[in-house]
Amino acid sequence: NAGVTQTPKFRVLKTGQSMTLLCAQDMNHEYMYWYRQDPGMGLRLIHYSVGEGTTAKGEVPDGYNVSRLKKQNFLLGLESAAPSQTSVYFCASRPGPPGGEQYFGPGTRLTVT
Amino acid sequence: AQSVAQPEDQVNVAEGNPLTVKCTYSVSGNPYLFWYVQYPNRGLQFLLKYITGDNLVKGSYGFEAEFNKSQTSFHLKKPSALVSDSALYFCAVRDGGSGAGSYQLTFGKGTKLSVIP
Chain A
259 NAGVTQTPKF RVLKTGQSMT LLCAQDMNHE YMYWYRQDPG MGLRLIHYSV
309 GEGTTAKGEV PDGYNVSRLK KQNFLLGLES AAPSQTSVYF CASRPGPPGG
359 EQYFGPGTRL TVT
Chain B
96 AQSVAQPEDQ VNVAEGNPLT VKCTYSVSGN PYLFWYVQYP NRGLQFLLKY
146 ITGDNLVKGS YGFEAEFNKS QTSFHLKKPS ALVSDSALYF CAVRDGGSGA
196 GSYQLTFGKG TKLSVIP
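Protein sequences, first through last, are from chains A and B.
Just so you know, we're using our numbering here: the first sequence kicks off at 259 and counts up by one.
Just so you know, we're using our numbering here: the second sequence kicks off at 96 and counts up by one.
Because the hints were derived from the structure by calculation, they are not lab data.
Keep in mind that the hints are not guaranteed to be accurate.
Claimed, not checked - Reference listing, derived: stretches of chain A covered by chain B, where coverage requires no fewer than 3 residues with Cβ under 8 Å from a Cβ of chain B: (1) 265–272; (2) 303–312.
Said to hold, decoys possible - If you want the ones that stay clear, here's a sample from chain A, every Cβ over 12 Å from chain B, calculated: (3) Met277; (4) Gln295; (5) Tyr322; (6) Leu327; (7) Lys328; (8) Lys329; (9) Gln330; (10) Ser342; (11) Leu368; (12) Thr369.
Keep in mind it's a predicted model, so treat the numbers as computed, not measured.
Yeah, the Cβ is synthetic: ideal placement off N, Cα and C, and Gly gets one too.
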């Protein structure tokens with residue numbers, strides 16, 4: 259099993275450009291999450307999904323959109339990138355039972371200039 | 096709303112000494128508590144969790160954590176630190192009941208552990 263994979267690993271964008279980050283998991287997990295990690299801030303939840311076709315806002319959703327058309331994939335979109343979105347983005351997934359732990363991808367380092 | 100506090104940004108410990116990384120939490124329902132470790136330029140790795148039962152939870156790499164309901168704490172411990180334990184440690188909480196909090200894992204800001212040879 260590959261676990262949770264993220265594409266791309268690194269990206270540099272100019273202000274105003276758009277991009278999509280792809281997260282894929284091969285563990286048949288119900289729940290998927292997108293976080294951003296900034297120094298001294300810990301991990302903050304952007305959006306999450308409790309199943310195929312469903313999405314919900316997390317703590318810091320502004321400027322991001324998500325889609326979960328297939329159970330194994332969770333896409334994070336930036337329509338018009340801003341320097342404040344420079345961060346490391348992590349995807350995670352977990353199985354349905356509430357006591358299950360989350361499995362994290364390796365991260366995407368995004369720089370917006 | 097649920098929250099996690101890790102009061103120490105950094106913990107330094109000598110190799111071979113016991114280590115403790117502190118965590119306190121706030122949640123409306125029963126807490127599900129987790130510890131994760133992050134090595135440089137890597138994703139988070141699961142260490143251990145408390146869901147129910149024994150207050151002392153054992154996890155990976157010799158780590159353990161003690162759940163204290165009255166103090167709302169879940170401190171991470173290891174009897175003898177290794178240099179390879181140096182990393183960033185995150186405590187996290189999820190509400191064990193129903194509602195939006197049961198879907199979301201809330202993280203602390205992290206504690207950087209440095210084990211000195």
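Each hint, compared with the structure:
1. 265–272: The restraint on the segment 265–272 of chain A is violated, since only 0 of its residues have a Cβ under 8 Å from chain B and three are required.
2. 303–312: Contact hint for the segment 303–312 of chain A vs chain B: holds, 3 residues under 8 Å.
3. Met277: Methionine 277 of chain A is indeed farther than 12 Å from all Cβ atoms of chain B, at 20 Å.
4. Gln295: About 9 Å separates glutamine 295 of chain A from the closest Cβ of chain B, which leaves it inside 12 Å; violated.
5. Tyr322: At about 16 Å from chain B, tyrosine 322 of chain A clears the 12 Å cut-off, so the statement holds.
6. Leu327: holds (20 Å)
7. Lys328: Nearest chain B Cβ is 20 Å from lysine 328 of chain A, so the label holds.
8. Lys329: holds (16 Å)
9. Gln330: Given that every Cβ of chain B is farther than 12 Å from that of glutamine 330 of chain A, nearest at about 18 Å, it holds.
10. Ser342: At roughly 19 Å from the nearest Cβ of chain B, serine 342 of chain A sits farther out than 12 Å, so the non-interface label holds.
11. Leu368: holds (14 Å)
12. Thr369: holds (15 Å)
In this structure, the hints that do not hold are numbers 1 and 4, in rising order.
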